[in-house]
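Protein chains: 2
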Amino acid sequence: MLLRVVVVSFVFLSLLNNGNAGITSTFIRSEWPSTDIPIDNEAFSIPKAHNAPQQVHITQADYDGRAVIISWVTPDAPGSNKVQYGTAEKRYEFTAEGTVSNYTFYQYKSGYIHHCLVDGLEYDTKYYYKLGSGDSAREFWFETPPKIDPDAPYKFGIIGDLGQTYNSLSTLEHYIQSGGQTVLFLGDLSYADRYQYNDVGLRWDSWGRFVERSTSYQPWIWSAGNHEIDYMPYMGEVTPFKNFLQRYATPHLACKSSSPLWYAIRRASAHIIVLSSYSPFVKYTPQWEWLREELQKVDREKTPWLIVLMHVPIYNSNDAHYMEGESMRVVFESWFVQYKVDVIFAGHVHAYERSYRISNIHYNITSGDRYPVPDKSAPVYITVGDGGNQEGLAGRFLDPQPDYSAFREASYGHSTLEIKNRTHAFYHWNRNDDGKKSATDAFVLRNQYWSSNQRRRKLKKHYLKSVVGGTTI
Amino acid sequence: MLLRVVVVSFVFLSLLNNGNAGITSTFIRSEWPSTDIPIDNEAFSIPKAHNAPQQVHITQADYDGRAVIISWVTPDAPGSNKVQYGTAEKRYEFTAEGTVSNYTFYQYKSGYIHHCLVDGLEYDTKYYYKLGSGDSAREFWFETPPKIDPDAPYKFGIIGDLGQTYNSLSTLEHYIQSGGQTVLFLGDLSYADRYQYNDVGLRWDSWGRFVERSTSYQPWIWSAGNHEIDYMPYMGEVTPFKNFLQRYATPHLACKSSSPLWYAIRRASAHIIVLSSYSPFVKYTPQWEWLREELQKVDREKTPWLIVLMHVPIYNSNDAHYMEGESMRVVFESWFVQYKVDVIFAGHVHAYERSYRISNIHYNITSGDRYPVPDKSAPVYITVGDGGNQEGLAGRFLDPQPDYSAFREASYGHSTLEIKNRTHAFYHWNRNDDGKKSATDAFVLRNQYWSSNQRRRKLKKHYLKSVVGGTTI
Numbered sequence: 001m002l003l004r005v006v007v008v009s010f011v012f013l014s015l016l017n018n019g020n021a022g023i024t025s026t027f028i029r030s031e032w033p034s035t036d037i038p039i040d041n042e043a044f045s046i047p048k049a050h051n052a053p054q055q056v057h058i059t060q061a062d063y064d065g066r067a068v069i070i071s072w073v074t075p076d077a078p079g080s081n082k083v084q085y086g087t088a089e090k091r092y093e094f095t096a097e098g099t100v101s102n103y104t105f106y107q108y109k110s111g112y113i114h115h116c117l118v119d120g121l122e123y124d125t126k127y128y129y130k131l132g133s134g135d136s137a138r139e140f141w142f143e144t145p146p147k148i149d150p151d152a153p154y155k156f157g158i159i160g161d162l163g164q165t166y167n168s169l170s171t172l173e174h175y176i177q178s179g180g181q182t183v184l185f186l187g188d189l190s191y192a193d194r195y196q197y198n199d200v201g202l203r204w205d206s207w208g209r210f211v212e213r214s215t216s217y218q219p220w221i222w223s224a225g226n227h228e229i230d231y232m233p234y235m236g237e238v239t240p241f242k243n244f245l246q247r248y249a250t251p252h253l254a255c256k257s258s259s260p261l262w263y264a265i266r267r268a269s270a271h272i273i274v275l276s277s278y279s280p281f282v283k284y285t286p287q288w289e290w291l292r293e294e295l296q297k298v299d300r301e302k303t304p305w306l307i308v309l310m311h312v313p314i315y316n317s318n319d320a321h322y323m324e325g326e327s328m329r330v331v332f333e334s335w336f337v338q339y340k341v342d343v344i345f346a347g348h349v350h351a352y353e354r355s356y357r358i359s360n361i362h363y364n365i366t367s368g369d370r371y372p373v374p375d376k377s378a379p380v381y382i383t384v385g386d387g388g389n390q391e392g393l394a395g396r397f398l399d400p401q402p403d404y405s406a407f408r409e410a411s412y413g414h415s416t417l418e419i420k421n422r423t424h425a426f427y428h429w430n431r432n433d434d435g436k437k438s439a440t441d442a443f444v445l446r447n448q449y450w451s452s453n454q455r456r457r458k459l460k461k462h463y464l465k466s467v468v469g470g471t472t473i
Numbered sequence: 001m002l003l004r005v006v007v008v009s010f011v012f013l014s015l016l017n018n019g020n021a022g023i024t025s026t027f028i029r030s031e032w033p034s035t036d037i038p039i040d041n042e043a044f045s046i047p048k049a050h051n052a053p054q055q056v057h058i059t060q061a062d063y064d065g066r067a068v069i070i071s072w073v074t075p076d077a078p079g080s081n082k083v084q085y086g087t088a089e090k091r092y093e094f095t096a097e098g099t100v101s102n103y104t105f106y107q108y109k110s111g112y113i114h115h116c117l118v119d120g121l122e123y124d125t126k127y128y129y130k131l132g133s134g135d136s137a138r139e140f141w142f143e144t145p146p147k148i149d150p151d152a153p154y155k156f157g158i159i160g161d162l163g164q165t166y167n168s169l170s171t172l173e174h175y176i177q178s179g180g181q182t183v184l185f186l187g188d189l190s191y192a193d194r195y196q197y198n199d200v201g202l203r204w205d206s207w208g209r210f211v212e213r214s215t216s217y218q219p220w221i222w223s224a225g226n227h228e229i230d231y232m233p234y235m236g237e238v239t240p241f242k243n244f245l246q247r248y249a250t251p252h253l254a255c256k257s258s259s260p261l262w263y264a265i266r267r268a269s270a271h272i273i274v275l276s277s278y279s280p281f282v283k284y285t286p287q288w289e290w291l292r293e294e295l296q297k298v299d300r301e302k303t304p305w306l307i308v309l310m311h312v313p314i315y316n317s318n319d320a321h322y323m324e325g326e327s328m329r330v331v332f333e334s335w336f337v338q339y340k341v342d343v344i345f346a347g348h349v350h351a352y353e354r355s356y357r358i359s360n361i362h363y364n365i366t367s368g369d370r371y372p373v374p375d376k377s378a379p380v381y382i383t384v385g386d387g388g389n390q391e392g393l394a395g396r397f398l399d400p401q402p403d404y405s406a407f408r409e410a411s412y413g414h415s416t417l418e419i420k421n422r423t424h425a426f427y428h429w430n431r432n433d434d435g436k437k438s439a440t441d442a443f444v445l446r447n448q449y450w451s452s453n454q455r456r457r458k459l460k461k462h463y464l465k466s467v468v469g470g471t472t473i
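Read top to bottom, the protein sequences are chains U and V.
FYI, the numbering for the first sequence is 1 to 473, going by the working numbering.
FYI, the numbering for the second sequence is 1 to 473, going by the working numbering.
Simulated from the structure, these hints should not be mistaken for laboratory data.
Be aware that a few hints might be false.
All copies of an identical chain are treated as equivalent in the list; a pair is satisfied when it fits inside any one copy or across any two copies.
[Stated by the list, open to error] Using 27 Å as the maximum straight-line C-alpha spacing, the simulated DSSO-like pairs for lysine-lysine come out as follows:
| hint | residue 1 | residue 2 |
| --- | --- | --- |
| 1 | Lys130 | Lys340 |
| 2 | Lys242 | Lys283 |
| 3 | Lys126 | Lys376 |
| 4 | Lys109 | Lys256 |
| 5 | Lys302 | Lys126 |
| 6 | Lys283 | Lys48 |
| 7 | Lys82 | Lys155 |
Generate the whole structure from the sequences, applying the supplied hints.
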């Protein structure tokens, strides 16, 4: 119960300071150190029954949303490898069988990690599922998305750089309250690499239990950040992404990607492309070859919303990680403009920032525009690296605010993108400081494909009669 | 013998056209298609004895040059895994035992690939070695470099994008005539990925036999190019660098690199850093972390010459692969300037180009220099991607020649860097068109560390009394 009290106190303190963003974030950082929740806290509680499944999480398993991968860990023995599931509570008509594996990281030995494909699901349906058996059995549910359709409404949550602090918990609980149906996760999960030796593996485990309150009930779409690299030569651990790849599955084979680190899914009315900031991406690399083909597959008539996720932001005016996205920008930005990507979400910087529609694709070393310029075909770039983690907030922004930056603030939070139909989506950045789902940056996002004048005329019936306040982009 | 005649004809034709570089290269491309030498040509001849070692190649195996890795392939059976070696011809005092492995690529099954570490060698010594036994035995020799010393003279060859055409053969034979002691290879070895299915593996084999005339007698220091990626999803082969990594060893463990694709060696008076253009290199990746530490280890008092190899050039004014080096430039260029790298060699572009000492490190998206500016601390960038391969020459340069470009020409060739002492080195680009080792671009390279006024005064005794003609850089 201690935990609850702590969170409430945090919210109260924050409410006192919501007048000025700068002061608020400074205040929080000094008064409320961004330390990890102690490992024995109930936020990481281990199911009591012997060898009960823990760290349960699901993700989309196919291209179009009719399959999930259900993953979990059994700590002491392999246990059952089966998922029982069905459309009625407590009545599990079907069974699927998965794989089990374990691994070491330094001297840490992981539990038994299960990944089970559950496919052939109906769209727009609630499924109940059960893991384990007897006393140790645990039950959950999830909802499949609507069939791929240009006007299918859907609400995505967007979370990055989450970690396992009290701020992380606040973000997670606020997200759960938001009614989001699927999380687009922007990399940097557990921050376990801030620990040493066997604690690294243990903090990956604790994080799996920490987020289970959401990940077991809805898909999280994973992208990998620098804290997933886990390059630790002093421990003899140099295989990049070892912990992450063992624990978090992605549907990369369904979209013909050769790596779980970059892939794409379609869900409701969205085509979502996940890129890997820390894998090779220059011309001729597998990620570059794959992305070139995947972009050609995007059909805005079927999935009007083209969304890209990556860890390192392409545009960022924070002092932290400034210009780290340049390497990827010079390779991919012209494609993002050519294909009229609607929005690109990134994490990495522990603050919130949104750009105008701008591009910087004309510079060619000896001529061309020097700085980013307004570009109607460009995506909106949004950094949501403020999930909350032990590294704290990134409070120093470039002064003055560059022309490309539309909104920025160093406060913890998450975002939601609520797609209404093929032309409009509601976007909100929800700041934790306000103690509840409070939209601090909110606007209506107009679809980049369907908002052309010609297409718009054809689609008058799709027009929204009313929109929420805020900018329309 | 047909081969010889062909090469002589080629040389004759070329000599007729050495007046104008532009015309020469155009002429060669149309009159002398850059096709691979037929697989049954004697350039790829297989040793006659059953299961005799083939594709013999050596590389430096440690940090300082007292060890080599000797590699070879036995086609039909594992055969002997031993290397016999010694300092007198036909008298092999010592024996080392290596490893053997094989692999598949699509349905191609490789021969038995041997890698044998031979260490504890004396500096500056000729070693003879023998592979196999009985009728199938083959004998070679190599020379170890001088002990690490700031004034140790040494002659490196620089070859890139070699392939297995008649032009490749010409480059190779010209290089052998040059008296170079070790090859710095800039990536793109066999161009086997221009073939399909089982021919890919077979063309890796033929290339190994093709270059054996040099690689079995002196170390080649390998870097990997895009033609080593071998990403071929249509064949089910998607593991990057699979053929290359099986066949070509590098001493990455000796310099604490976690990958054979990036590493460093010290040899005579040079510290050579090999980077991987197609591996992750942005901040926080293993290559970035490793390079940061390796640059701190460079001791210009011991190894005055700091040389970096990579496949994709940072500066290139050829239409081919224009700006492909930008991703790596924005990450590493400031380090190259900070550490006063002497020269950076790259391949990739099938032409020759040399830059002035320039840098482009002040641009920061909203301010800073727009274009590269003269910078005395910057490296000279040299592109030697003109080894000769079936893709032909890259004859279209940006017009006008940008300020940063000092010399450029689309002709086949190789370079040599002849280090004389801590302050001076002779550099030559040797154009094949001239039919013999003909220095078309030549200059004296002044060491970036020892050429400072203060250090120069201390070192008057090291000054060269006479230097060859050409620019001094």
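Taking the hints in turn, this is what the structure says about them:
For the identical chains of this complex, Lys130 and Lys340 are neighbours neither inside a copy (42 Å) nor across copies (62 Å), given an alpha-carbon limit of 27 Å. With identical chains, the CA atoms of Lys242 and Lys283 are at most 27 Å apart both within one copy (25 Å) and between copies (18 Å). In the homo-oligomer, the alpha carbons of Lys126 and Lys376 never lie at most 27 Å apart, since the shortest distance is 39 Å inside one protomer and 67 Å across protomers. In this homomeric assembly, Lys109 and Lys256 come within 27 Å of each other (Cα to Cα) only across copies, at 25 Å, whereas the closest approach inside a single copy is 32 Å.
When the C-alpha separation of Lys302 and Lys126 is checked against a cutoff of 27 Å, the pair qualifies only within one copy, where the shortest distance is 24 Å, while the shortest distance between copies is 69 Å. Proximity of Lys283 and Lys48 under a CA criterion of 27 Å is satisfied in neither setting, with 51 Å inside one chain copy and 42 Å between copies. Taking the closest pair of Cα atoms, Lys82 and Lys155 never come within 27 Å of each other, the shortest separation being 30 Å inside a single copy and 65 Å across copies.
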